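Novice: Line by line, the protein sequences are chains A and U. First residue of the first sequence: 1, per the numbering used here; consecutive thereafter. First residue of the second sequence: 277, per the numbering used here; consecutive thereafter.
I should point out that these hints are in silico values taken from the structure, not numbers from a laboratory. As the structure is a prediction and not an experimental result, all values here were calculated from the model. Ideal Cβ positions, reconstructed from N, Cα and C, are used throughout, including at glycine. Check each hint, because a few of them may be wrong.
[What the hints assert, rightly or not] Computed far set for chain U versus chain A, every beta-carbon distance over 10 angstroms:
1. Glu311
2. Gly354
3. Glu355
4. Ala403
5. Ala433
6. Glu576
7. Asp618
8. Ser674
9. Ala691
10. Ala737
11. Arg744
12. Gln783
13. Val797
[Stated by the list, open to error] One side only, chain A facing chain U, incomplete, derived with CB under 8 angstroms:
14. Ala173
15. Thr177
16. Gln178
Each chain, letter by letter, is given below.
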Amino acid sequence: MSRWLAALRRPTVAIGGLMVTVWILCALFANLLAPYDPLLSGDPLVLPLGRGASGAFHLLGTDLLGRDILSRLIFGARTVVIWAGLATATAYAVGIAIGLLAGFYGGVIDRALSFIANVVLSFPVLVLYILIIVTLGASGVNIVLAVTFASAPAIFRLVRALALDIRSRDFIAAAITQGEGAVHIMVMEILPNTLGPLTVDACLRLGYTSITIGVLGFLGLGLPPPTPDWGGMVNDGRAMAIAFPHLVVFPCLAISSLMLGLSLLADGLREAPARA
Amino acid sequence: MDTPATAPIIAVEHVSIALPRGADRRFAVEDVSLEVRRGEILCVVGESGSGKSVLSAALMGALPRGLRLDSGRVMLHGEEDLAHAAPRRLRSLRGREIAMIFQEPMAALNPAFPVGQQIEEMFAIHAPAMPAAERRQRSLQLLADTHLPDPARIHRAYAHQLSGGQCQRVVIAMALAMQPALLIADEPTTALDVTTQAQILRLIDELKRVHRHGILFVTHDFGVVADIADRVAVMQGGRLVEIGDAAAVLTRPRHAYTRQLLAAIPSLTPRPAGAPLSAQAAMRVERLSARYGPIRALREVNFTIPKGATLAVVGESGSGKSTLAKTIIRLTEPSGGRVMIDEQDFATLRGAALTRRRRLLQMIFQDPFGSLNPRRSVGDMLTRAGVLGGARPAEARSRAVALIERVGLKPEALARKPQAFSGGQRQRIGIARALAMLPSIVIADESVSALDVSVQQQVLALLDALQRREGLTLLFITHDLRVAAQIADLIAVMRRGEIVEFGPAAQILLHPRHPYTIELVGAAPGRAWQRPAAEEPPA
Numbered sequence: 001m002s003r004w005l006a007a008l009r010r011p012t013v014a015i016g017g018l019m020v021t022v023w024i025l026c027a028l029f030a031n032l033l034a035p036y037d038p039l040l041s042g043d044p045l046v047l048p049l050g051r052g053a054s055g056a057f058h059l060l061g062t063d064l065l066g067r068d069i070l071s072r073l074i075f076g077a078r079t080v081v082i083w084a085g086l087a088t089a090t091a092y093a094v095g096i097a098i099g100l101l102a103g104f105y106g107g108v109i110d111r112a113l114s115f116i117a118n119v120v121l122s123f124p125v126l127v128l129y130i131l132i133i134v135t136l137g138a139s140g141v142n143i144v145l146a147v148t149f150a151s152a153p154a155i156f157r158l159v160r161a162l163a164l165d166i167r168s169r170d171f172i173a174a175a176i177t178q179g180e181g182a183v184h185i186m187v188m189e190i191l192p193n194t195l196g197p198l199t200v201d202a203c204l205r206l207g208y209t210s211i212t213i214g215v216l217g218f219l220g221l222g223l224p225p226p227t228p229d230w231g232g233m234v235n236d237g238r239a240m241a242i243a244f245p246h247l248v249v250f251p252c253l254a255i256s257s258l259m260l261g262l263s264l265l266a267d268g269l270r271e272a273p274a275r276a
Numbered sequence: 277m278d279t280p281a282t283a284p285i286i287a288v289e290h291v292s293i294a295l296p297r298g299a300d301r302r303f304a305v306e307d308v309s310l311e312v313r314r315g316e317i318l319c320v321v322g323e324s325g326s327g328k329s330v331l332s333a334a335l336m337g338a339l340p341r342g343l344r345l346d347s348g349r350v351m352l353h354g355e356e357d358l359a360h361a362a363p364r365r366l367r368s369l370r371g372r373e374i375a376m377i378f379q380e381p382m383a384a385l386n387p388a389f390p391v392g393q394q395i396e397e398m399f400a401i402h403a404p405a406m407p408a409a410e411r412r413q414r415s416l417q418l419l420a421d422t423h424l425p426d427p428a429r430i431h432r433a434y435a436h437q438l439s440g441g442q443c444q445r446v447v448i449a450m451a452l453a454m455q456p457a458l459l460i461a462d463e464p465t466t467a468l469d470v471t472t473q474a475q476i477l478r479l480i481d482e483l484k485r486v487h488r489h490g491i492l493f494v495t496h497d498f499g500v501v502a503d504i505a506d507r508v509a510v511m512q513g514g515r516l517v518e519i520g521d522a523a524a525v526l527t528r529p530r531h532a533y534t535r536q537l538l539a540a541i542p543s544l545t546p547r548p549a550g551a552p553l554s555a556q557a558a559m560r561v562e563r564l565s566a567r568y569g570p571i572r573a574l575r576e577v578n579f580t581i582p583k584g585a586t587l588a589v590v591g592e593s594g595s596g597k598s599t600l601a602k603t604i605i606r607l608t609e610p611s612g613g614r615v616m617i618d619e620q621d622f623a624t625l626r627g628a629a630l631t632r633r634r635r636l637l638q639m640i641f642q643d644p645f646g647s648l649n650p651r652r653s654v655g656d657m658l659t660r661a662g663v664l665g666g667a668r669p670a671e672a673r674s675r676a677v678a679l680i681e682r683v684g685l686k687p688e689a690l691a692r693k694p695q696a697f698s699g700g701q702r703q704r705i706g707i708a709r710a711l712a713m714l715p716s717i718v719i720a721d722e723s724v725s726a727l728d729v730s731v732q733q734q735v736l737a738l739l740d741a742l743q744r745r746e747g748l749t750l751l752f753i754t755h756d757l758r759v760a761a762q763i764a765d766l767i768a769v770m771r772r773g774e775i776v777e778f779g780p781a782a783q784i785l786l787h788p789r790h791p792y793t794i795e796l797v798g799a800a801p802g803r804a805w806q807r808p809a810a811e812e813p814p815a
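Sequences are here, hints too, so could you generate the full structure?
Specialist: Structure (structure tokens):
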């Protein structure tokens with residue numbers, strides 16, 4: 001535990017952690033934090049710090065339909081945090097499971113799984129997302145499916161490489177000579193020793209997934225409207241971005257701040273001593 | 277080059293090297309003074325962490341990151357202080373005045389270039405005017421000087437095409453290129469087999485006698501010291517505790533630590549035979565074979581270990597001794613043969629039957645750092661082993677407490693993770709883990725090779741005591757004949773996957789018959805030297 005406290009003392013971890021925490025709090029307490037209903041239409045295209053005809057104050061202005069941008073960003077955090085978190089977690093569950101199998105057993109199992117992973121990895125990620133979402137339809141669950149399908153192979157490769165290395169250590173040989181079962185060895189002996197590098201990778205991947213959800217939203221393949229969605233907001237405001245930059249700038253800042261926070265966190269944790 | 281023969285090449289004067297804050301002591305090297313003269317070998321001995329390697333790095337002006345010279349001077353030829361020389365000056369001196377021979381010859385050579393080119397590079401750096409033809413001529417001469425066969429072929433070869441001993445000769449040839457006054461050899465034979473080690477030691481001795489190099493030889497092995505040292509410096513915890521003529525230090529040590537180190541060196545004389553060996557066999561290995569692809573790593577090995585006896589399997593790297601251990605315990609699948617334990621063939625058990633009987637055979641591993649899962653507490657490991665051995669959880673827990681005390685650790689150790697322990701302590705934990713399953717046979721694969729001599733002695737004593745007490749049967753794999761002499765009732769000598777000689781320890785060590793055994797026993801370093809009588813108790 002003291003290791004985590006020590007890690008928090010690094011500026012990268014502290015700043016990154018703070019940025020991520022702010023967005024998580026927004027997602028958790030969106031109802032309390034948002035000044036308006038994100039779906040409620042009022043005066044359209046109010047500038048930041050301006051007031052609408054009704055006298056309502058909008059810190060970040062309103063969009064084309066007169067919805068409060070700050071409230072939409074706060075509720076949009078919920079979309080990103082929930083679906084990006086869920087999608088990353090599912091991708092990890094799949095990637096870790098098959099990675100451990102391949103790394104532990106090696107041989108034919110490893111070759112078969114690695115081949116499949118390489119085939120999936122050979123597709124451009126974005127094309128893969130679009131194919132899957134277009135085929136299955138735009139919904140949260142399908143975003144999770146698409147992200148899992150596209151990122152699990154990369155996670156698989158990481159876990160497999162780590163497992164191959166740990167598999168060759170003597171404590172695994174010791175477990176085998178004690179008659180431990182394969183599942184026990186994979187889950188209790190190998191997996192805990194991969195957590196350091198995996199945590200770093202998870203932070204980065206959570207960032208990529210957030211961007212992916214933004215991109216899908218921007219392409220109109222995200223969550224169906226009117227759900228607040230940062231990528232969708234950028235897309236909606238795109239046509240009028242020259243005249244009303246606030247429509248695009250604030251959602252972009254939201255996406256990049258979350259991404260930057262996660263990257264800083266990953267960087268900071270990477271520097272942390274690998275040994276427990 | 278024209279300094280008088282008696283003037284020191286290098287004089288270390290009151291050198292202290294500070295460790296970074298938070299280290300377990302303030303100085304890596306503390307107030308050390310010593311000299312190396314032309315035509316002598318000064319051996320610096322000490323256990324790991326004694327500061328001997330840091331000292332040798334300081335002589336090259338190449339301290340590892342984080343360490344800095346606190347005080348003192350390193351005088352080259354009595355006129356130039358290396359400790360405060362500019363990096364540029366140091367670079368030009370390295371290789372020309374002082375050259376280094378490394379521990380891992382394979383790692384010291386660049387795998388991407390032929391070794392001859394790497395020797396020529398020494399001339400290219402330090403004598404840029406030398407014509408290419410002469411560079412080549414001189415490199416070939418150096419390879420011949422280090423007694424490499426067919427220098428022209430070696431010159432073209434890459435490091436991976438050469439054996440460890442040949443690589444070390446190439447590294448020595450590189451070091452000799454500019455005829456440096458001082459050679460620093462940091463554990464140059466530790467990574468080599470004994471017979472190769474004996475050859476390299478002869479070469480280093482020849483360099484001293486014929487070319488009059490001054491040689492600073494860092495080692496942990498008193499056998500090596502006895503073979504080649506003119507003078508000996510003993511280091512402990514960063515301090516020089518004793519320095520003097522080799523004969524004097526080895527036979528009449530003055531400092532208590534030196535006496536303790538000397539006493540800890542296992543002797544080549546076999547231990548006195550104990551009770552007669554049991555007529556009952558604990559394990560009978562019959563025509564056991566194993567292969568890695570086309571390579572036959574084990575060729576029909578046969579032997580029997582009586583109940584309660586210790587069989588040491590000795591051999592050099594690649595002899596198949598580790599494969600033998602792994603095949604018996606089924607970490608590697610045998611390609612043929614039988615391993616009979618209690619009239620049941622362990623080698624052909626499958627699935628659940630194998631899992632059930634795995635308890636009978638347990639292993640103590642070589643690397644104390646790799647053999648314990650860093651994420652699990654010691655208590656967790658021992659209890660789990662007990663449960664797998666068939667005990668109820670409560671019983672396994674109390675057995676863990678008893679075991680940890682029996683291997684000489686405190687019960688508090690159970691709550692800790694492996695990182696909290698030293699190498700020797702980890703090896704004790706590894707022993708406790710093996711015993712927690714109540715095995716009938718324990719296989720120790722080079723289990724004391726990674727330990728310092730004094731720790732090695734303690735672990736061997738522990739194994740010996742446990743064996744006598746529990747009536748354990750021990751299969752002990754080692755490359756070190758001295759270790760085998762200390763612990764074995766029987767010795768099997770392996771070479772190229774076969775047992776070439778098998779018999780009682782005393783017979784193998786004192787009257788070897790097979791030519792290879794004779795060579796092996798003859799190559800053990802420090803054979804001629806008898807350690808001082810142990811009447812003086814270590815203080």
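Novice: A separate judgement is required for each hint: does it hold in the structure or not?
Specialist: Checked hints:
no. : hint   : result
1   : Glu311 : holds (40 angstroms)
2   : Gly354 : holds (45 angstroms)
3   : Glu355 : holds (44 angstroms)
4   : Ala403 : holds (44 angstroms)
5   : Ala433 : holds (29 angstroms)
6   : Glu576 : holds (24 angstroms)
7   : Asp618 : holds (17 angstroms)
8   : Ser674 : holds (19 angstroms)
9   : Ala691 : holds (14 angstroms)
10  : Ala737 : holds (23 angstroms)
11  : Arg744 : holds (24 angstroms)
12  : Gln783 : holds (32 angstroms)
13  : Val797 : holds (30 angstroms)
14  : Ala173 : holds (5 angstroms)
15  : Thr177 : holds (5 angstroms)
16  : Gln178 : holds (5 angstroms)
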